[in-house]
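Q: Residue strings, one per chain:
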Amino acid sequence: MKQLSRTFGALTLTLALGLALALTGCEKAADKAADKPAAPAAQGPRTGELKVGFVYTSPVGDAGYSWAHDQGRIAVSKMEGVKTSFVEAVKEGADSERVIENMARGGYDLVFTTSFGFMDPTMKVAKDFPKVKFMHCSGFKAGENVSNYFGRIYQARYLTGMVAGSMTKSNIIGYVAAFPIPEVIRGINAFTLGVRSLNPKAQVRVVWTKTWFDPALEKDAAISLLDVGADVIAQHQDSAGPQEAAQQRGKYSIGYNSNMASFAPKAHLTSAVWNWAPLYEAIVKEVREGTWTGNRAIWWGMDKGIVDIAPFGPMVPKALQDKVLAQKALFVKGEDKVFVGPIKDQGGQVKIAAGVKAEDKDLLGMTWFVEGVVGSVQ
Amino acid sequence: MSPELVVALLAATVQAGTPILFATLGEIISERAGVLNLGVEGCMALASFAGFLVCHQTGSAWLGLAAGGCAGALLAGLHGLVCQVFLGNQVVSGLALTIFGVGLCNFLGTPYVGQATVGFQQFAVPALSELPLLGAVFFRQDALVYLSYLTPVAVWFLLWRTSLGLGLRAAGEMPAAAAAAGLNPLRLRFLGVLLGGFLCGLGGAYLSLAHTHLWTTSLSGGRGWVAVALVIFAFWRPGRAVAGAYLFGGIMAFQLRLQASGTNVPSSLLLMLPYVLTVLVLVLSAARARSAHGRGSAAPAALGVNIEPEG
Numbered sequence: 001m002k003q004l005s006r007t008f009g010a011l012t013l014t015l016a017l018g019l020a021l022a023l024t025g026c027e028k029a030a031d032k033a034a035d036k037p038a039a040p041a042a043q044g045p046r047t048g049e050l051k052v053g054f055v056y057t058s059p060v061g062d063a064g065y066s067w068a069h070d071q072g073r074i075a076v077s078k079m080e081g082v083k084t085s086f087v088e089a090v091k092e093g094a095d096s097e098r099v100i101e102n103m104a105r106g107g108y109d110l111v112f113t114t115s116f117g118f119m120d121p122t123m124k125v126a127k128d129f130p131k132v133k134f135m136h137c138s139g140f141k142a143g144e145n146v147s148n149y150f151g152r153i154y155q156a157r158y159l160t161g162m163v164a165g166s167m168t169k170s171n172i173i174g175y176v177a178a179f180p181i182p183e184v185i186r187g188i189n190a191f192t193l194g195v196r197s198l199n200p201k202a203q204v205r206v207v208w209t210k211t212w213f214d215p216a217l218e219k220d221a222a223i224s225l226l227d228v229g230a231d232v233i234a235q236h237q238d239s240a241g242p243q244e245a246a247q248q249r250g251k252y253s254i255g256y257n258s259n260m261a262s263f264a265p266k267a268h269l270t271s272a273v274w275n276w277a278p279l280y281e282a283i284v285k286e287v288r289e290g291t292w293t294g295n296r297a298i299w300w301g302m303d304k305g306i307v308d309i310a311p312f313g314p315m316v317p318k319a320l321q322d323k324v325l326a327q328k329a330l331f332v333k334g335e336d337k338v339f340v341g342p343i344k345d346q347g348g349q350v351k352i353a354a355g356v357k358a359e360d361k362d363l364l365g366m367t368w369f370v371e372g373v374v375g376s377v378q
Numbered sequence: 379m380s381p382e383l384v385v386a387l388l389a390a391t392v393q394a395g396t397p398i399l400f401a402t403l404g405e406i407i408s409e410r411a412g413v414l415n416l417g418v419e420g421c422m423a424l425a426s427f428a429g430f431l432v433c434h435q436t437g438s439a440w441l442g443l444a445a446g447g448c449a450g451a452l453l454a455g456l457h458g459l460v461c462q463v464f465l466g467n468q469v470v471s472g473l474a475l476t477i478f479g480v481g482l483c484n485f486l487g488t489p490y491v492g493q494a495t496v497g498f499q500q501f502a503v504p505a506l507s508e509l510p511l512l513g514a515v516f517f518r519q520d521a522l523v524y525l526s527y528l529t530p531v532a533v534w535f536l537l538w539r540t541s542l543g544l545g546l547r548a549a550g551e552m553p554a555a556a557a558a559a560g561l562n563p564l565r566l567r568f569l570g571v572l573l574g575g576f577l578c579g580l581g582g583a584y585l586s587l588a589h590t591h592l593w594t595t596s597l598s599g600g601r602g603w604v605a606v607a608l609v610i611f612a613f614w615r616p617g618r619a620v621a622g623a624y625l626f627g628g629i630m631a632f633q634l635r636l637q638a639s640g641t642n643v644p645s646s647l648l649l650m651l652p653y654v655l656t657v658l659v660l661v662l663s664a665a666r667a668r669s670a671h672g673r674g675s676a677a678p679a680a681l682g683v684n685i686e687p688e689g
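Just so you know, the protein sequences line up as chains B and H, in that order. Residues in the first sequence are numbered consecutively from 1, following our numbering. Residues in the second sequence are numbered consecutively from 379, following our numbering.
Derived from the structure by calculation, the hints contain no laboratory data. Computed from a prediction, not measured in an experiment: that's the story for all the values here. From the three backbone atoms N, C-alpha and C, an ideal C-beta is built for every residue, glycine too. A couple of the hints might just be wrong.
Stated by the list, open to error - Distance ranges between label pairs, derived from CB positions:
| # | chain 1 | residue 1 | chain 2 | residue 2 | range |
| --- | --- | --- | --- | --- | --- |
| 1 | H | T540 | B | N171 | 23 to 29 Å |
| 2 | B | K337 | H | L511 | 49 to 55 Å |
| 3 | H | L511 | B | N171 | 26 to 32 Å |
| 4 | H | G513 | B | D360 | 50 to 56 Å |
| 5 | H | A532 | B | K141 | 55 to 61 Å |
| 6 | H | T641 | B | K361 | 28 to 34 Å |
| 7 | H | Y524 | B | G250 | 21 to 27 Å |
| 8 | B | D360 | H | T641 | 48 to 54 Å |
| 9 | B | K141 | H | T641 | 33 to 39 Å |
| 10 | H | V654 | B | G250 | 50 to 56 Å |
One chain only, chain H, in its complex shape (with noise of 0.2 Å):
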């Protein structure tokens, strides 16, 4: 493999990875707080829509970013009304939203089939896209690209350094304690679930505003499912997550290239690659959480447990 092929392989990655791990910080700070949220997909997949849609009309791709992120958020919204105000179980809810967020968009989005949008376009950096390797790699991208550089640091920020990431962890942890302190353990993991579902939002619009430039139903093509099971690869934290989604988005542009080289591996082994790689890192991972050193790695006690009202 000659330089180029390598750098190209490496910024590849990066476009692959940016939607996912905008997804996974999102379902990260959701499952802290406690609420499981299987319906990622269906944020997704309402959110790229979303973006599109918004760009389209106002012929802004800031514009529909917010969109995306809403979208995202209202839909999650919907998965925090049925599971913290209805106690409904957290998994079917999760799976329903999914379903419903694929079969909503598809059926608003089938009018505009394969119209074009405008959306993010790639820029230089002034003098980080100088670096040797790095500045090819990361950042001759778009913006969105350059805004999920900063997601990580900001989701740890918000979780680990400000009291409000505090008391959504706590809700997550152990709620009762949290109401104890005088918290309101039911509104924090409203806002965990609102949260979430923005970051998830800001991943399906990716998709539409900056990698595609198309619409089309059903992009996000099962990229919110990874996010979920990448989740519990990063122990539910942001870091690893950064971790989790390049591997996958690297190894989703590896076997592309691979056959381009002109190899002759039989192709249906290379596109399953990447769900082999992620079933694998599943199972070490839990291993881990369960040896002794695997005490960080544990998911919030109370994750996917509804608050039950006293009385």
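If we strip away everything but chain B, and leave its shape as in the complex, we get (with noise of 0.2 Å):
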């Protein structure tokens, strides 16, 4: 009897491990079609129904990041012959070369790998499926069959940082920070050159977090900087923690990925905003016609229409609104003036002489801080 408890015991466990790991490997995409052969070479334009396939780091639902290129799928998914399918919430690292195989195997003739942690397995599985597209978005890698995207989100930022300039009246900005790479460090960039041009005695301290969403302590992290005198807050991250610190607070706040005034109705600013659409579109044409290539790095602005910013909150004067918008006019024709010189590091020392325009791989690589960002650059 004792031996059979145990057993059983034993059954139930080993059921409820089996479950729960069922459960957390679970994707909600339709990538069924895993044992059909890779499609026939695509040479020359395309006919037939082509196949695009995406993969999100984080759920769809978060109107955040991938919600973003979520609005871009589903426009591609309306242009004609195309069918679109997506798998969401997908861990970088191992697990996301198990989903983007599956994809290549499913005879997906492009897919696009939306997170900077997909790049090692993009290459990997792009060199094993030589006939399948791959776009990676904010990698710096490429093959044959891999081409890499990116938008100029810094152009909304300086926007949004003009904005924050003009609002904060302790000329103190709280930023919450993600990771510390070149990517997120731009972005604190250009938001504080943003607001220094209309306020030069303003300061953007920074906290960071290591999370791409974690609202609670992303929260925390915003209270923390609304506790020093901070009385705007932007932020990089998915979650709209920060957004309501402020709120509550009776604060400003500045959102990112997509319109956040939803969540924090009285302290929302204005947000840096994504708008994949015309990028996917153009791809998908472009594979469409055969004129496709990799090797590639495509890295497209406010001119092409990708990053935008939100509407304004009714908070923010009309005056301020024009200069901004005009600022946004130059972007919008392709004048981009965020990363000319004389720009200055925290030290003070110059590192980008007067008159001079970074080149992209400078800002692909950057790692230091403008002066006026308070904390540390790790």
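Using the hints, put the two standalone chains together into the complex.
A: In structure tokens:
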């Protein structure tokens, strides 16, 4: 009897564990056709249905980074003869390699992998599936059948910085930052340059959370910035935790990824937002027409409409709105002077000389803070 | 540091410590009754979702809180079933419970990610909130934080001032003696596990209902594991659990403020601080437990040992 109940206990355990694992590894999307042979080589214009896959690192329902990408996918799915599908909440690393490989095996013509951590898995799978085309977002590697792409969101950051710099009364602006990588540092720098273009006395204080999505911690980080006197809170993470903190204290906030106004209508000044549709449509069109090539780094800006700012909150004065919109018009025209010198670093040393425009490779490898940022770059 | 900053730091300490305090107290009851539940993280995760969902659907934060507690108790009950009835290994079952709870929370919660809920809001307690320093730190919080002030006292009273508490502790120290005294140690242990799970559930519900007001998966973020460690730090005593939870919450709040004040210390080091501290206090407590005056600091004698049925 004792033996039997032991065995049964072990069985229950195994069952619970198995169920738990099955649930954690659950993927929602329809990459069911895993056993189909890969699609035939697509040289020249493609006829027939084009299968396009998307891999996201977070759930799409978060109104954040992956949600923005999915808006682009929806636009693509409305193109004629295109079928799309996606897998969400894919962990970076080994898990993602399996998901990407499934898509490649499933006869997809084109796969978008939308997170930095998918870079090496994408490169690895691309090598094994030379006929499938891959687009990796925010990385720096490319190959015969891989190109990378990103957007000049720093232009939108600069504009939101102008708003923050004008709206602050304490001259302290808090920035809840994700990970100290060039993408985030570049955003903080562009934001700060925007702040100081209208308010040279203001400083931007940075708190790192080392998270992309942890509302509790990110809210705490925002509160710590409010405690030291910040009256505008900007952020890089997907969660609206910092927005909520600002509203609770009756201060202002600046969102990221999508329009975050709904989370904190009384605090939200504007957000730096993504609009991936034009880029995704163009890439799919290239593949369809047979003009797509690998080994490219595509970095579009406001001139192509893939980054923008959200509508201003009612508390932003008209005069300031006009000033920001005038600067936006310059970006839209293709005139990008965000990183034109003289630009000094935190120590006051000139990093970009007067009149010189920083090259893209310097921006992509940016690991120093501009003057006006208070905080450690690590 | 200005006086206002110190007050803000202490108030943030209380907020960060509260979910950990609930969970630590829950685990103390469970372990006092002899059942090691390593599934605290899973209980908190599932409860954070149950609390959010019920509050979201009914609009009542208190119903949400009750749902969170029940979800925690239910999951802990599964652990009780596996260990007490089927005599499964407590460590293995607890670990499975964490994986299961977090997985289930992510699976069920994904469609709701990003949605906001009203939950508990902060309000000042009349008179008490006017006290210098103490008022701003302790009495301008939300209802759950106020509840957390009473819980350690209640747990202490239950364990040391009631016959039920005596029975619970007997089941954890020497179940055979409890049985000889005419008690049913198996039933007592089950009760301890359920009560413990309920408190862990309150801790989880605090995260979604009072702290963020915003649903996302993985809200528990490792806080359950901190609670498991703090039980040892607390020598299985509610009073020391308060100190442990606030110490951990305090370091968490402090490192963020250190960053915000513009120090040049690498953030990786600062973010590590709370966990380094946890390891440190564990080592110190272990050393103390082994020393001569550490008699009152030892674990319940039958902790983690299943009661084998006769024959």
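Q: Take the hints in turn and mark each one as holding or not.
A: These are the hints, each one checked on the structure:
1. H:T540 to B:N171: 23 to 29 Å: Violated - the Cβ-Cβ distance for H:T540 and B:N171, about 58 Å, lies outside 23 to 29 Å.
2. B:K337 to H:L511: 49 to 55 Å: Distance hint for B:K337, H:L511 holds at roughly 51 Å.
3. H:L511 to B:N171: 26 to 32 Å: 29 Å, holds
4. H:G513 to B:D360: 50 to 56 Å: 55 Å, holds
5. H:A532 to B:K141: 55 to 61 Å: 58 Å Cβ-Cβ, so the 55 to 61 Å window holds.
6. H:T641 to B:K361: 28 to 34 Å: Distance hint for H:T641, B:K361 holds at roughly 31 Å.
7. H:Y524 to B:G250: 21 to 27 Å: 23 Å, holds
8. B:D360 to H:T641: 48 to 54 Å: The hint (48 to 54 Å, Cβ to Cβ) is violated, given that B:D360 and H:T641 are roughly 33 Å apart.
9. B:K141 to H:T641: 33 to 39 Å: 35 Å, holds
10. H:V654 to B:G250: 50 to 56 Å: 36 Å, violated
Violated hints, in rising order: 1, 8 and 10; the structure is consistent with all others.
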